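Colleague: These are the residues of each chain, in order.
There are 2 protein chains.
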Amino acid sequence: MHITQHTDYGLRVLIYLGTNTDRLVTIREVSECFGVSNSHLMKVVNQLIREKFVEGVRGKGGGLRLGCAAAAISVGDVVRRLERDMTLVECFGEGCNCLLDPTCKLKSTLANALQAFQSVLDQVTLADLLVVPETKVLRRFP
Amino acid sequence: MHITQHTDYGLRVLIYLGTNTDRLVTIREVSECFGVSNSHLMKVVNQLIREKFVEGVRGKGGGLRLGCAAAAISVGDVVRRLERDMTLVECFGEGCNCLLDPTCKLKSTLANALQAFQSVLDQVTLADLLVVPETKVLRRFP
Numbered sequence: 561m562h563i564t565q566h567t568d569y570g571l572r573v574l575i576y577l578g579t580n581t582d583r584l585v586t587i588r589e590v591s592e593c594f595g596v597s598n599s600h601l602m603k604v605v606n607q608l609i610r611e612k613f614v615e616g617v618r619g620k621g622g623g624l625r626l627g628c629a630a631a632a633i634s635v636g637d638v639v640r641r642l643e644r645d646m647t648l649v650e651c652f653g654e655g656c657n658c659l660l661d662p663t664c665k666l667k668s669t670l671a672n673a674l675q676a677f678q679s680v681l682d683q684v685t686l687a688d689l690l691v692v693p694e695t696k697v698l699r700r701f702p
Numbered sequence: 561m562h563i564t565q566h567t568d569y570g571l572r573v574l575i576y577l578g579t580n581t582d583r584l585v586t587i588r589e590v591s592e593c594f595g596v597s598n599s600h601l602m603k604v605v606n607q608l609i610r611e612k613f614v615e616g617v618r619g620k621g622g623g624l625r626l627g628c629a630a631a632a633i634s635v636g637d638v639v640r641r642l643e644r645d646m647t648l649v650e651c652f653g654e655g656c657n658c659l660l661d662p663t664c665k666l667k668s669t670l671a672n673a674l675q676a677f678q679s680v681l682d683q684v685t686l687a688d689l690l691v692v693p694e695t696k697v698l699r700r701f702p
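Chain order of the listed sequences is L and E. Converting from the first sequence to my numbering requires adding 560 to each position, the first position being numbered 1. Converting from the second sequence to my numbering requires adding 560 to each position, the first position being numbered 1.
Any given hint might turn out to be false.
DMTMM-like, lysine to aspartate or glutamate: derived pairs with alpha carbons at most 25 Å apart [said to hold, decoys possible]: (1) E:667 / L:688; (2) E:667 / L:592; (3) E:665 / E:611; (4) E:665 / L:611; (5) L:667 / E:592; (6) E:620 / E:582; (7) E:603 / L:643; (8) L:620 / L:582; (9) L:665 / E:637; (10) E:620 / E:645; (11) L:665 / E:592; (12) L:667 / E:637; (13) L:667 / E:611; (14) E:612 / E:589; (15) L:665 / E:611; (16) E:612 / L:688; (17) E:603 / L:592; (18) L:665 / E:688; (19) L:667 / E:688; (20) E:665 / E:688; (21) E:603 / L:589; (22) L:665 / E:643; (23) E:667 / L:637; (24) L:667 / L:682; (25) E:612 / L:582; (26) L:603 / L:643; (27) E:603 / E:643; (28) L:667 / E:589; (29) L:603 / E:643.
Covered stretches of chain E (in silico footprint by chain L; criterion: 3 or more residues with CB under 8 Å from a CB of chain L, positions within the stretch not fixed) [stated by the list, open to error]: (30) 570-578; (31) 665-674; (32) 677-687.
Think of the hints as simulated: they come from the structure by calculation, not from any bench. Values in this document were obtained by computation on a predicted structure and should not be read as measured data. Heads up, the beta-carbon is just placed ideally off N, CA and C, and yes, glycines get one too.
Using the sequences plus the hints, can you model the full thing?
Modeller: Here it is, written out as structure tokens:
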């Protein structure tokens, strides 16, 4: 079971921005920190901007910053919006012709488990992810 | 977010066998019911046999049946054993060099969510998935 890399990086971009709120951050800086390509990260960042989690400042000296306070960003909300496909198993999707359906309770059981998963994330904000020991400070990349 | 098709079919095979306890079931019958290839299903069934969830009876007239009572098969246990990779995000894996680590609380937050997901499944047995209205009986395939 995986969360997509898209969502994984989305969360990590938010953590990075939340740890560097005193300045604008460039995509290049984040991509070097995570060791992923600019273009890959661009797609993630574009969605974060569309979803208002991130604000992009254009022009020279521009960059990225959080679109709102870290405490106002629900991790559950981020996962729900970035993880485009939550069809945990085939029969969650439309047009499923499984002959076990509709007597089978697998779908509702897995839906309950997924709800429990989301509930934990809904109780956590980006601010909760940023509580770092004072001695630990994220390296700034040039 | 997905559960692998391997686990999905594993659960469905168990449901099928649990709904047909009065006889031995062939892989061909299950593969026709689910519309998947014999060879694909064979891998799933082989693991179910290795894990003692299913018993295979060899020879002419042989087939498959549950390896123990449906009430003794935990859905959480099945998912845990069949879903080989529960590294929800990259940093769950070994050798992760993410620079956010070890200050980042994302990993522990997602681990808590995954634990909540598993806890729901641990409370459900295969027998719970089989409670069907009496008027609904799974079709038997030739």
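Colleague: State for each hint whether it applies.
Modeller: Evaluation of the provided hints:
1. E:667 / L:688: The given pair, whose Cα atoms are some 12 Å apart, holds under the 25 Å limit.
2. E:667 / L:592: Answer holds: residue 667 (chain E) to residue 592 (chain L) is near 21 Å, not above 25 Å.
3. E:665 / E:611: Status violated; Cα separation ~34 Å.
4. E:665 / L:611: 23 Å, holds
5. L:667 / E:592: Holds. Residue 667 (chain L) to residue 592 (chain E) sits at ~21 Å (cutoff 25 Å).
6. E:620 / E:582: 17 Å, holds
7. E:603 / L:643: 29 Å, violated
8. L:620 / L:582: 17 Å, holds
9. L:665 / E:637: Holds, because 17 Å separates the two Cα atoms, which is no more than 25 Å.
10. E:620 / E:645: Violated, because 36 Å separates the two Cα atoms, which is more than 25 Å.
11. L:665 / E:592: 21 Å, holds
12. L:667 / E:637: 17 Å, holds
13. L:667 / E:611: 23 Å, holds
14. E:612 / E:589: Roughly 21 Å separates the two Cα atoms, so the pair holds.
15. L:665 / E:611: Distance of about 23 Å is within 25 Å: holds.
16. E:612 / L:688: Violated, at roughly 42 Å.
17. E:603 / L:592: Roughly 41 Å separates the two Cα atoms, so the pair is violated.
18. L:665 / E:688: 8 Å, holds
19. L:667 / E:688: 12 Å, holds
20. E:665 / E:688: Status violated; Cα separation ~36 Å.
21. E:603 / L:589: 45 Å, violated
22. L:665 / E:643: 19 Å, holds
23. E:667 / L:637: 17 Å, holds
24. L:667 / L:682: 22 Å, holds
25. E:612 / L:582: 57 Å, violated
26. L:603 / L:643: 13 Å, holds
27. E:603 / E:643: Distance ~13 Å between residue 603 (chain E) and residue 643 (chain E) Cα, so the pair holds.
28. L:667 / E:589: Status holds; Cα separation ~22 Å.
29. L:603 / E:643: Distance ~29 Å between residue 603 (chain L) and residue 643 (chain E) Cα, so the pair is violated.
30. 570-578: Result for this restraint: holds, n = 4.
31. 665-674: With 7 residues in contact (Cβ-Cβ under 8 Å with chain L), the coverage given for the stretch 665-674 of chain E holds.
32. 677-687: Holds: 6 residues of the stretch 677-687 of chain E have a Cβ under 8 Å from chain L.
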